[in-house]
Amino acid sequence: MLNLLGMQILGAVSPTTKMVDDLFWFVFIVSAFFFAIVTGGIIILVALYRRRGKPGLTSGASHNTALEIVWSILPVILVVIIFFWGFQVFMRLSISPGDSMEIRVTARKWNWLFKYPDGSRSGQLVVPVEQPVRLVMSSEDVIHSLFIPDFRVKMDVLPNRYTTLWFQADKAGEYDLLCTEFCGDGHSRMYTKVIALPKDEFEKWQTENQGTASGPDLFVMYGCATCHSLDGKPGIGPTMKGLHGKTETLADGTTVEVDDNYLRESILEPQAKIVRGYQPVMPAQPDITSDELDALIDFIKSQQE
Amino acid sequence: MEAAPRLNYITQRKGILSWLFTLDHKRIALMYLFMIMIFFLAGGLYALLLRLELWAPGEQFIGQRAYNQAFTMHGAIMIFLFIIPSIPAVLGNFLLPIMLGTKDVAFPRLNLASWYVYMFGAIFCLWSLVQGGADTGWTFYTPYSTQHSETPVISITFGAFILGFSSIFTGLNFIVTIHKMRAPGMTWFKMPLFCWGMYATALIQILATPVLGITLMLLILEKLGIIVVFDPTRGGDPVLFQHFFWFYSHPAVYIMILPGMAIISELIAVHAHKKIFGYKLIAFSSVAIALLGFLVWGHHMFVSGQSPYAAMVFSFLSFYIGVPSGIKVFNWMATLYKGSISLTVPMLYALAFLILFTIGGLTGIFLGALGIDVQMHDTYFVVAHFHYVMMGGTVFAFFGGIHHWWPKMFGRLYNRTAATFAFVLLFVGFNLTFFTQFIMGAKGMPRRYWDYSDFLNEKTYHMYHGFSSIGAMILGLGFFVMGIYLVHSLFRGQRCGSNPWGGLSLEWATTSPPPTENFEHPPRLTHGPYDYDKVLPENI
Numbered sequence: 001m002l003n004l005l006g007m008q009i010l011g012a013v014s015p016t017t018k019m020v021d022d023l024f025w026f027v028f029i030v031s032a033f034f035f036a037i038v039t040g041g042i043i044i045l046v047a048l049y050r051r052r053g054k055p056g057l058t059s060g061a062s063h064n065t066a067l068e069i070v071w072s073i074l075p076v077i078l079v080v081i082i083f084f085w086g087f088q089v090f091m092r093l094s095i096s097p098g099d100s101m102e103i104r105v106t107a108r109k110w111n112w113l114f115k116y117p118d119g120s121r122s123g124q125l126v127v128p129v130e131q132p133v134r135l136v137m138s139s140e141d142v143i144h145s146l147f148i149p150d151f152r153v154k155m156d157v158l159p160n161r162y163t164t165l166w167f168q169a170d171k172a173g174e175y176d177l178l179c180t181e182f183c184g185d186g187h188s189r190m191y192t193k194v195i196a197l198p199k200d201e202f203e204k205w206q207t208e209n210q211g212t213a214s215g216p217d218l219f220v221m222y223g224c225a226t227c228h229s230l231d232g233k234p235g236i237g238p239t240m241k242g243l244h245g246k247t248e249t250l251a252d253g254t255t256v257e258v259d260d261n262y263l264r265e266s267i268l269e270p271q272a273k274i275v276r277g278y279q280p281v282m283p284a285q286p287d288i289t290s291d292e293l294d295a296l297i298d299f300i301k302s303q304q305e
Numbered sequence: 001m002e003a004a005p006r007l008n009y010i011t012q013r014k015g016i017l018s019w020l021f022t023l024d025h026k027r028i029a030l031m032y033l034f035m036i037m038i039f040f041l042a043g044g045l046y047a048l049l050l051r052l053e054l055w056a057p058g059e060q061f062i063g064q065r066a067y068n069q070a071f072t073m074h075g076a077i078m079i080f081l082f083i084i085p086s087i088p089a090v091l092g093n094f095l096l097p098i099m100l101g102t103k104d105v106a107f108p109r110l111n112l113a114s115w116y117v118y119m120f121g122a123i124f125c126l127w128s129l130v131q132g133g134a135d136t137g138w139t140f141y142t143p144y145s146t147q148h149s150e151t152p153v154i155s156i157t158f159g160a161f162i163l164g165f166s167s168i169f170t171g172l173n174f175i176v177t178i179h180k181m182r183a184p185g186m187t188w189f190k191m192p193l194f195c196w197g198m199y200a201t202a203l204i205q206i207l208a209t210p211v212l213g214i215t216l217m218l219l220i221l222e223k224l225g226i227i228v229v230f231d232p233t234r235g236g237d238p239v240l241f242q243h244f245f246w247f248y249s250h251p252a253v254y255i256m257i258l259p260g261m262a263i264i265s266e267l268i269a270v271h272a273h274k275k276i277f278g279y280k281l282i283a284f285s286s287v288a289i290a291l292l293g294f295l296v297w298g299h300h301m302f303v304s305g306q307s308p309y310a311a312m313v314f315s316f317l318s319f320y321i322g323v324p325s326g327i328k329v330f331n332w333m334a335t336l337y338k339g340s341i342s343l344t345v346p347m348l349y350a351l352a353f354l355i356l357f358t359i360g361g362l363t364g365i366f367l368g369a370l371g372i373d374v375q376m377h378d379t380y381f382v383v384a385h386f387h388y389v390m391m392g393g394t395v396f397a398f399f400g401g402i403h404h405w406w407p408k409m410f411g412r413l414y415n416r417t418a419a420t421f422a423f424v425l426l427f428v429g430f431n432l433t434f435f436t437q438f439i440m441g442a443k444g445m446p447r448r449y450w451d452y453s454d455f456l457n458e459k460t461y462h463m464y465h466g467f468s469s470i471g472a473m474i475l476g477l478g479f480f481v482m483g484i485y486l487v488h489s490l491f492r493g494q495r496c497g498s499n500p501w502g503g504l505s506l507e508w509a510t511t512s513p514p515p516t517e518n519f520e521h522p523p524r525l526t527h528g529p530y531d532y533d534k535v536l537p538e539n540i
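Protein chains in written order, with my numbering: chain D, 1 to 305; chain R, 1 to 540.
Chain D with its partners taken away, still in its complex shape (with noise of 0.2 Å):
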């Protein structure tokens, strides 16, 4: 595939892809046209009657009907034109095909969710090639936006409504899926990938991600890593490194020993104890199970210095 100004001009990765990319560069070309006039046209004018000497009386043309009705329609024209394709590669970004598969997204400071319609979940957007994919999308906070580059999809998620976008991945690789409404300290970080993978290692990935995800795999679903590293850098919250065991100094100057219980309380109720240098920003996780709370802790118990 070719690639210009972040524009593909030759093989798309997925339908939506091609279709905005067209009406693009058909944007690009009147634009260009435009812009080489003015250009143009200011340097031939300012070439052709540069001032020499004083100046002495200059034509007193200000009207030139014909020229001036050429310069008005002919702008009302394309626009017409681009209006009308642009509504229309909306409309078929707006409307997902029937046969799509419907994943939930839940978006919430600072990371996604996906839950599949078999009931299993993850923090990656794992989808089928060839298949459109429907996400009808919700936020426990904030406003958010899902945004897939690659596939030319974006849609604010509302915290008190369903909105939905759909896309279909053609070829299997990974793809930037970030958000794009301002949602705070974590908002860069707010970021996942979509794996699109052939349909034969879909259903296998499918298989394998049923029942209680893996320690490693829940601290990223529930977003713990954006704000705590594994590697011993402060981040917006504590480091895991080393933590297990730990004496912190709480914001009002008592202290704690991070054990079980400890862990327990911060993930539960985030607001509880607050570690001096850092703002109380946690969400609560109000969706996890105890299986999973256990597997959690267990993984923060193993990153030890």
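Be aware that a few hints might be false.
[To be verified] Mimicking DSS-like on lysine-lysine, the simulated pairs with C-alpha atoms at most 27 Å apart in a straight line are: (1) R:Lys223 <-> D:Lys273; (2) R:Lys338 <-> D:Lys54; (3) R:Lys190 <-> D:Lys54; (4) R:Lys103 <-> R:Lys180; (5) D:Lys54 <-> R:Lys534; (6) R:Lys459 <-> D:Lys193; (7) D:Lys171 <-> R:Lys14; (8) D:Lys301 <-> D:Lys241.
Think of the hints as simulated: they come from the structure by calculation, not from any bench.
Following the hints, complete the assembly by docking chain R onto the known chain D.
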């Protein structure tokens, strides 16, 4: 060169109190100029900080929250404290009465009050700034701003609320002045086009600003726990805020760009020494843009979950606002035809405006097309687009106007070589900073991102961000040079006569700087502002 006139509006009275209690529109304009330049510097320093942070992926200088606060303060300061008041309150205030041939604006006390209200609003914004600044973006979207942000949101929104009144006062003053105070013989169509631009701007200021005031007040009351309008957990609708906000803030785009267009009409006619092409079309298109501007706010919300049919209507109407803007550009180009073009510093800014505004306008076509906007919304493509319109358009026009009327305001000329050099730096720096952003935006680089190290395209983004940051440094250097030669000219600049450019509108008929009452004798209108085919200006 002739000696400085006996007494002018600057030398007539001395002392700080003579400024703070002045009712002279020219002095109030200079007080505005002083303040907005301070805020332009502050907003610009924030911009440099942002560009430094984005120089490379990962954390460079500031953390994530500090970055969020920095881009919020950059936007809020530049929009509410710099661009919106810049042209109307400085150049409009200074020039409108002189161009109309009158002594002052209709309500001089209201004019002074608007400056004090501006200062009062600015204090609240500064209060937010010294606490680190809000982190909501200048758009204050709910429910993040009301329910989630832990930064000083109330002080900055209250500041913007107060600043709105200052804007309304100025608009009101201009409308009444234009209706009632024109010199004998100055009919509507003999006014310089600058006055038409100010008139169209004033209409929007009066009609749209109250909506912003109401919206921000609702936000503050909700944040104080008094009412619930936007909070989704208690039955409110956060998207309603976006409708309210853009109902003001889209027309506000025209509060910002129409004055820029108003300046360009003057600059091109004077420095091309040519009758303006299509006077009435330029005048009416300003008013048309002002009115149409109220019907397109939904194009900021194509992916907000609004009905696709609402999006359709907003997209359709948005395209029609592009047409009068395009017509203006063609009219300005046609004015150059058979003119006598002098590449003075103001003319360079005017020509740069034509090119940059054209890019800004054409990229608006991309964003107006629904299918493309889905991709571009909230990416750097949008950031680049509005900087081409707001900075390449309005700010270039503003500095073009400053360079054009500087001799009138202070009676002195700046160093032309230094000014041309600074212009080249600004033009190159601007395009390097923002053209790169179109490309990374189209690729999918989202705006308001502190870091881009997660992306698969990290290396490409790094390259574009790097160029953009270099461009920003060149821009900063350009403004630094401009500051030096402008301040230098105030004390050492060559004195100039009343009409250094050979203009025909009334401000060139009085001395530089003008006397307090603007004209020694009430001016008689002997020719139109653009009659370069009939009259040869004196003293060029």
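Evaluation of the provided hints:
1. R:Lys223 <-> D:Lys273: It holds: about 25 Å lies between the C-alpha atoms, which stays within 27 Å.
2. R:Lys338 <-> D:Lys54: 15 Å, holds
3. R:Lys190 <-> D:Lys54: 26 Å, holds
4. R:Lys103 <-> R:Lys180: 12 Å, holds
5. D:Lys54 <-> R:Lys534: 16 Å, holds
6. R:Lys459 <-> D:Lys193: Judged against 27 Å, a Cα distance of about 17 Å means the pair holds.
7. D:Lys171 <-> R:Lys14: Between Lys171 (chain D) and Lys14 (chain R) the Cα gap is close to 75 Å, so the pair fails against 27 Å, i.e. violated.
8. D:Lys301 <-> D:Lys241: 9 Å, holds
Comparing the model with each earlier hint shows a violation of hint 7 alone; every other hint is respected.
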